[in-house]
Amino acid sequence: MAILIVLRTKRKQRQEYVRIAIEQSLSRKVDMGPSLAEKREDALMNARFYLRDAPFELVSPLWGIGNSDKKFHFLVKSYTEPGQFILTLQTKGENVKLPLKSLSLRQTIKDLLKELKHPYILPTLEADFLQGQKVVMLTIRPFAERRGSVRDLIYQTKPTKGYGAKYNDQRQPGRPLAKKFVRNFGRQILEALDFLQVLGFPYPDLHCGNVIILDGICRLTDYEKIILGQTAHYATFTKDQTILRDFANVLFEMSCGFEPTKKDIKHPPETCNEQVAEIIHSIYFDDTPPTLDDLIAHPFFNVVPKGLTENAGEDIDMKPEYVEVLQVITGQKSLIKKKRKKRPPPPEPKRKPDPKPVTPSSSAVSSPKVEPISSAPPPPSSLGMPKMNNPPKPPSGAPDRTSLLADIRN
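One point on numbering: in our numbering, the residue at position 42 of the sequence shown is 42, and numbering is uninterrupted.
FYI, nobody ran anything at the bench for these hints, they're computed from the structure.
We put the CB at the ideal spot given by N, CA and C, even for glycine.
Heads up, some of the hints might be wrong.
Unchecked claim - In silico BS3-like pairs for lysine-lysine, Cα to Cα no more than 27 Å straight-line:
| no. | residue 1 | residue 2 |
| --- | --- | --- |
| 1 | Lys158 | Lys77 |
| 2 | Lys333 | Lys117 |
| 3 | Lys179 | Lys263 |
| 4 | Lys77 | Lys39 |
| 5 | Lys92 | Lys114 |
| 6 | Lys333 | Lys266 |
| 7 | Lys97 | Lys110 |
| 8 | Lys71 | Lys117 |
| 9 | Lys306 | Lys333 |
| 10 | Lys77 | Lys161 |
| 11 | Lys333 | Lys114 |
| 12 | Lys134 | Lys71 |
| 13 | Lys114 | Lys71 |
| 14 | Lys39 | Lys161 |
| 15 | Lys333 | Lys239 |
| 16 | Lys263 | Lys319 |
| 17 | Lys77 | Lys97 |
| 18 | Lys97 | Lys266 |
| 19 | Lys179 | Lys134 |
| 20 | Lys39 | Lys117 |
| 21 | Lys92 | Lys239 |
| 22 | Lys333 | Lys158 |
| 23 | Lys158 | Lys71 |
Claimed, not checked - The calculated label-pair distances, taken between Cβ atoms and stated as ranges, are:
| no. | residue 1 | residue 2 | range |
| --- | --- | --- | --- |
| 24 | Ser104 | Lys179 | 43 to 53 Å |
| 25 | Glu278 | Gln197 | 18 to 28 Å |
| 26 | Leu36 | Glu278 | 37 to 47 Å |
| 27 | Met318 | Trp63 | 33 to 43 Å |
| 28 | Pro320 | Asp293 | 25 to 35 Å |
| 29 | Gln197 | Leu103 | 23 to 33 Å |
| 30 | Met318 | Asn95 | 20 to 30 Å |
| 31 | Gln332 | Gln170 | 38 to 48 Å |
| 32 | Leu103 | Phe49 | 13 to 23 Å |
Build out the structure end to end from the sequences listed, making use of the hints.
Spelled out as structure tokens, the structure:
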């Protein structure tokens, strides 16, 4: 009997343990939100929905091409233009400064992205915001199917492969690029940064994965991330990370074949080019670090930029609404109106209490009684005589006025 009681008790404890474990598992799933598979399914549905009315056709999803669960890529082809293109869907980040649900602002952003035309900027063929509760932005740009990004070139891999398979494979480490490529690519990147700086367009997400090689020329991409408020790749690399420090990291990766750490920046490996190491050190540790113009004029980047014309980027029509958006992004202006707090109504004035009537005491002298006047007396006339409403009639039998005057004359 005692054995049965013990077994039943243990069974109940085990069932209670299983119930608690299931509840904790379900609560964790709720806290984590939708899974990666569900996010991919939603992204695929949104891409197909958009392409129904667009001059593009879906070829295949590129699930593993990036390392973010908020950004998804699809390979598409055009009905009118040759080549392949990449469709990107991404949601807004935590650092957004723009009211992205405004329809007029969305149109301004789409026009601005399409307006950015420069030999070293990857052009935006289509830009749009999907309808729905969440802010989801869509872009379509040319796909560099041959070379991919600078990081793909460093690791000698295909751009369509998964992120982990491309960059985390110990059997295939990255290889430094030749000095001529570092010089030419570095100069092209600097020219692209100069173009964006002249426009006032911030670009805090420079890294080798965002430098696309198309037709042998470097082109910057993902410049809409600052609009969506997404966290930059090197945002936490140092406390005072700048665009030129990002450029120094790109120089390091091209020269050494791998991404740097803070220790690598201080002590570059011996395989790093000596001039590149000096440039990186000056950007990070000089009391007066070089400016963008100083780097463009540096002897190491004294090469003829391929594909750059004298008037490149000068045909940009920077409309006032574009400038306003850029001012908001850089913190010079705000478009988000703060809600005014309702002021409480003013307090009502305190009413003085009515004076209490004074009751005469028994010892007080009583005042004479005044009888009330039944009717007001008539006002005095101009001669000081009382005005009579109706003159008195003469008594009967009295002589009239005419007979009296006749007697006086006689």
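Hints and how they fare:
| no. | hint | result |
| --- | --- | --- |
| 1 | Lys158 x Lys77 | holds, 19 Å |
| 2 | Lys333 x Lys117 | holds, 25 Å |
| 3 | Lys179 x Lys263 | holds, 23 Å |
| 4 | Lys77 x Lys39 | holds, 23 Å |
| 5 | Lys92 x Lys114 | holds, 19 Å |
| 6 | Lys333 x Lys266 | violated, 37 Å |
| 7 | Lys97 x Lys110 | holds, 16 Å |
| 8 | Lys71 x Lys117 | holds, 24 Å |
| 9 | Lys306 x Lys333 | violated, 37 Å |
| 10 | Lys77 x Lys161 | holds, 19 Å |
| 11 | Lys333 x Lys114 | holds, 23 Å |
| 12 | Lys134 x Lys71 | holds, 14 Å |
| 13 | Lys114 x Lys71 | holds, 20 Å |
| 14 | Lys39 x Lys161 | holds, 20 Å |
| 15 | Lys333 x Lys239 | holds, 24 Å |
| 16 | Lys263 x Lys319 | violated, 44 Å |
| 17 | Lys77 x Lys97 | violated, 34 Å |
| 18 | Lys97 x Lys266 | violated, 34 Å |
| 19 | Lys179 x Lys134 | violated, 45 Å |
| 20 | Lys39 x Lys117 | violated, 32 Å |
| 21 | Lys92 x Lys239 | holds, 24 Å |
| 22 | Lys333 x Lys158 | violated, 42 Å |
| 23 | Lys158 x Lys71 | holds, 19 Å |
| 24 | Ser104 x Lys179: 43 to 53 Å | holds, 49 Å |
| 25 | Glu278 x Gln197: 18 to 28 Å | holds, 23 Å |
| 26 | Leu36 x Glu278: 37 to 47 Å | holds, 44 Å |
| 27 | Met318 x Trp63: 33 to 43 Å | holds, 37 Å |
| 28 | Pro320 x Asp293: 25 to 35 Å | holds, 27 Å |
| 29 | Gln197 x Leu103: 23 to 33 Å | holds, 30 Å |
| 30 | Met318 x Asn95: 20 to 30 Å | holds, 24 Å |
| 31 | Gln332 x Gln170: 38 to 48 Å | holds, 46 Å |
| 32 | Leu103 x Phe49: 13 to 23 Å | holds, 19 Å |
When each numbered hint is compared with the structure, violations occur for hints 6, 9, 16, 17, 18, 19, 20, 22.
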